[in-house]
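Visitor: Produce the complete structure using the sequences and hints provided.
Position one of the sequence shown corresponds to residue 1 (the UniProt record's numbering), numbered consecutively onward.
No lab work stands behind these hints, which were simulated from the structure alone.
On a predicted model such as this, the values are computed, not experimentally measured, just so you know.
Heads up, some of the hints might be wrong.
[To be verified] Here are the simulated lysine-lysine pairs, BS3-like style, with alpha carbons at most 25 Å apart:
(1) Lys-92 / Lys-119
(2) Lys-92 / Lys-169
(3) Lys-92 / Lys-3
(4) Lys-3 / Lys-71
(5) Lys-71 / Lys-169
(6) Lys-92 / Lys-71
(7) Lys-24 / Lys-119
(8) Lys-92 / Lys-24
(9) Lys-3 / Lys-169
(10) Lys-169 / Lys-119
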Amino acid sequence: MRKNIQIQPLTQESFSAFGDVIEKENHDFFSINQGLTQRYHALSVAQITGDHVTVGMSIFHNLCATQIPFKIVMLERHPYGSQSFIPLQQQKFIIIVALPLDHSQPDEQQIYAFLSNGKQGITYRQGVWHHPLITLEAESDFLVVDRIGGGQNCDVHHLVEPKWIIEQKQSEISSL
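Guide: What follows is the structure in structure tokens.
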């Protein structure tokens, strides 16, 4: 039997079990730079553990677009650091996450998919199971903030059976 996971809109409330949504919407700001700039302060905080490590900023350049529906066969997690993805061209992207079953694997019955509106970034908390970056637009860039340093910081879990990511029906979206 094919297991489908419907994509839902990304909100701080719906994503809170996995990390933070990085966006201006519904957040306070204060003025800086002689009133010319609004600072939305500390929308998310990087997490890192381990010796001789630091927080790094990278750009991930995605070369191909993903078409919905699509199949996933694995999830990964970073046990020693959080990981943030911020779209640089306001491109929409899909975020796939799972709750943990226990300390060593995700719960394959509790996988969720979210759609960023292109003005939202996200931070996966340290140790959150997620799928690698999936963008709906080709040639797209993301600012990535994550742990840089020694040691193994990526666990991979291969799903017992593939899961299909599908669009949410329009009638379900409008009832939200």
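Visitor: Between Lys-3 and Lys-71, does the CA-CA distance stay at or below 25 Å?
Guide: holds, 10 Å
Visitor: Please verify whether Lys-92 and Lys-71 have alpha carbons no more than 25 Å apart.
Guide: holds, 18 Å
Visitor: Does the alpha-carbon distance linking Lys-71 and Lys-169 stay inside the 25 Å limit?
Guide: At roughly 18 Å apart (the allowed maximum being 25 Å), Lys-169 and Lys-71 satisfy the hint.
Visitor: Is it true that the CA of Lys-92 sits at most 25 Å from the CA of Lys-3?
Guide: Roughly 24 Å separates the two Cα atoms, so the pair holds.
Visitor: Hint check: Lys-24 vs Lys-119, CA-CA at most 25 Å. Holds or violated?
Guide: holds, 9 Å
Visitor: When you check the alpha-carbon spacing of Lys-3 and Lys-169, does it fall within 25 Å?
Guide: Holds, because 16 Å separates the two Cα atoms, which is no more than 25 Å.
Visitor: Compare the distance between the alpha carbons of Lys-92 and Lys-169 with 25 Å, and conclude whether the hinted pair is satisfied.
Guide: holds, 18 Å
Visitor: Quickly compare the C-alpha distance for Lys-169 and Lys-119 to 25 Å and report which way the hint goes.
Guide: Distance ~22 Å between Lys-169 and Lys-119 Cα, so the pair holds.
Visitor: Compare the distance between the alpha carbons of Lys-92 and Lys-119 with 25 Å, and conclude whether the hinted pair is satisfied.
Guide: Distance of about 8 Å is within 25 Å: holds.
Visitor: Please verify whether Lys-92 and Lys-24 have alpha carbons no more than 25 Å apart.
Guide: holds, 16 Å
Going down the numbered hints, you'll see the structure goes against none, and every one checks out.
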